[in-house]
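K.L.:
Listed below, chain by chain, are the residues.
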Amino acid sequence: MVPLIDRRLVFVTGKGGVGKTTVAVALALLASSQGRRTLVCEVDAKGDVAAYLECGPTQFAERQVGPNLWAMSMDTEASLREYLRLNLRIPMVGRIGPLARAFDFVATAAPGVREILTVGKLCYEVREHHYDLVVADASATGHIVGQLAAPQAINELVRVGLIRSQTDWMLDILSDPSQTGLAVVTTPEEMPVNETMELVERVRKETTVDVAAVIVNRVLPELFGRSEEEVFERLCAPAATAALRRALSGDPRPVLDAARLAVTLRRTRAGHLDRLRAGVDPAVPMLYLPYLFTRSHGVRSVRQVAAHLGEELAV
Amino acid sequence: MARRARTPTADAPEHASLDGLLASREIVVACGPGGVGKTTTAAAAAAMAAARLGGKVLVLTIDPARRLANALGLEGIGNAERRVPDEAFTSAGVTPMGQLWAAMLDTKQSWDDLIARHAPDRRTRDDILANPLYRNISGRFVQSHDYIAMERLYEIHAEGSYDLIVVDTPPTRNALDFLDAPERMADFFSSRLLRWLIVPYRSRLVNLASRPFYQVADRILGTQFLQDISEFFILFQTMYDGFIERANAVKRLLADRRTSFVVVSTLEAVPLREAEFFARALLDRHLHLGAIVLNKVLPAYLRDPAAASVAEALRDRSEALADAVGDALGDAAPEQVARVLHTVGQSFLDYRVVAQREAEQRAELASVPEALVSVPYFETDVYDLAGLLRLGERLWGGT
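Keeping their order, the protein sequence lines are chains A and B. The opening residue of the first sequence carries number 0 in numbering that gives the first Met the number 0; numbering runs sequentially from there. The opening residue of the second sequence carries number 0 in numbering that gives the first Met the number 0; numbering runs sequentially from there.
It is worth saying that the hints were derived from the structure and are not from the lab. Any given hint might turn out to be false.
To give an idea of the interface, some chain B residues facing chain A are shown, with a C-beta separation under 8 Å as derived from the structure [what the hints assert, rightly or not]:
1) Leu286
2) Ala305
3) Ala306
4) Leu313
5) Ala323
6) Leu328
7) Ala331
8) Gly344
9) Leu364
Heads up, the beta-carbon is just placed ideally off N, CA and C, and yes, glycines get one too.
Construct the complete structure from the given sequences, taking the supplied hints into account.
P.N.:
So, in structure tokens, the structure goes:
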């Protein structure tokens, strides 16, 4: 299997709140630091990629934001304009009336149009070799299948026409596991794990895109081994806590409570992690990223994630 | 509505309850970013309302975790509302004053019901239900989810058989999609483009105004597909008035004083930013923001300076301390005790960083509604009615 980082188009998805954007940006930072010309594209243009890179707002036009690193945000209407300009050579696009409303209408009426304009733009950048790697901070788990399956859906719905003929080369890129892969980000919690297992199945059944990795984010550290846990339990007994209190001249109980909370949180999550391992095909590589006890969420913490990702990918 | 009526500090005793809201409203909509426990919060609020307030309470959920769905008796699919048996309450040690009902949203089924209701005759209904474009829209079309959730809420509310409906909103691309969905649906059906499309195909070619549009559309989409669209909308036109009227009614209900919104979030930076954006958008639209619920809040003792000093001592002087407490620990090896003490101290300091960051985030919350409710980190997942009620206690005042 071609490692995640050696592909040319990587879609990063995950349930809301698991750190999908962080991981996508970290992957792009990692690849660019390896000397690969990398484009990171935010598909749901909320501005999170820009926030994590601390680079100012991104737009449809790619902009260099670091060494070997470019960023953009998807805008399906702009994508359509670009497509019309490049493929149809329609000089009077401006004159076909309110393109925005026409587009809105067609996109609303015809499922898959927005999706194909998104996926199409990404595939186009890959086909034209503008970048070594394109990382898409893609839709969340609920919508990613629709996005990835759009070229086939269009093939079924539209029997002739230019769009139909365009889907063939897109499918070639999307279906080639040496070029394209999907990374599913999750956390070791109940709902994200459920959604990840369901998603991996659905992607295999309903799309031609290869699941390149499951990335487990925010893995909590194991505090104690078994014999240490026993020592900890004894520390929590009143006599030991009292002795500790005298030696410290301060109350150790909040600190012991916090350790107990850390142990139980870790334990609950370990159960979900086991479930995930049992539920996902062992052929899919699983990468682990630690929970970061950091002050901020900016580019500094994304660099830490990138470093851990580098270790996991052994690059 | 007054914004920033007070400045919450990290430890301010909050107006920590939803009970007033749940007692006075007919609809409570839980919304906010994904992954913050929205579904669980909605279910917990409904369970508490049924337990303490009485009456018939319905929780309408979109996509519950399987164990939660099982706890609510939602094993099958379909739109049916089911009653959570009283035994589930009594085995959780609670005698409910009222009834708890639960229902799941089945998008496809809801669309079909909607068509059946608005279609002028059986033939139109069947033609629409069989149309490939309709099947695509109702099955896959993302925004249809947003609209149908609000439509179904309206339908259940209008039937009038529940005293309170707590609804969980679908995870949307954009947190506001479901609010705008009724309006967009109305816009969509009244657009000029739609009228262009439902002119039979042949006469279009002589329509000068629309010709360039079709020339482009033909080249991109192909004639066959355009014909499919056209047919679909000719059928749909018969239901036009009903749809617009309905979409407007849904919109009015959401803005009505009987409806209130609860924004659910955690104190993580990204969800909180989204939640704040959402809270502001509700106020801008003159919708009632009843409360913000903050989930998974770390305990306050993590920010206690005295405890932090103790943790530093444990981390830095673990060997000396291990000797000092050795007698109380029996035969444990001193190195091992030192390692445990060090780990305990370090772990406290790690979590303290997060707790402080989160307290800071909370202090910066720009728009604070009447109620700001904090729910602590539960050590285990909530997966049964007892768990929901335990969580519900934290949403309730005076406990």
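K.L.:
Give a verdict on every hint.
P.N.:
Status of the hints after comparison with the structure:
1. Leu286: violated (21 Å)
2. Ala305: holds (6 Å)
3. Ala306: At 4 Å from the nearest chain A Cβ, Ala306/B passes the 8 Å test, so the hint holds.
4. Leu313: Nearest chain A Cβ about 6 Å off; hint holds.
5. Ala323: OK, holds: Ala323/B within 8 Å of chain A, min 4 Å.
6. Leu328: holds (5 Å)
7. Ala331: holds (5 Å)
8. Gly344: Since chain A brings a Cβ to about 7 Å from Gly344/B, closer than 8 Å, the hint holds.
9. Leu364: violated (16 Å)
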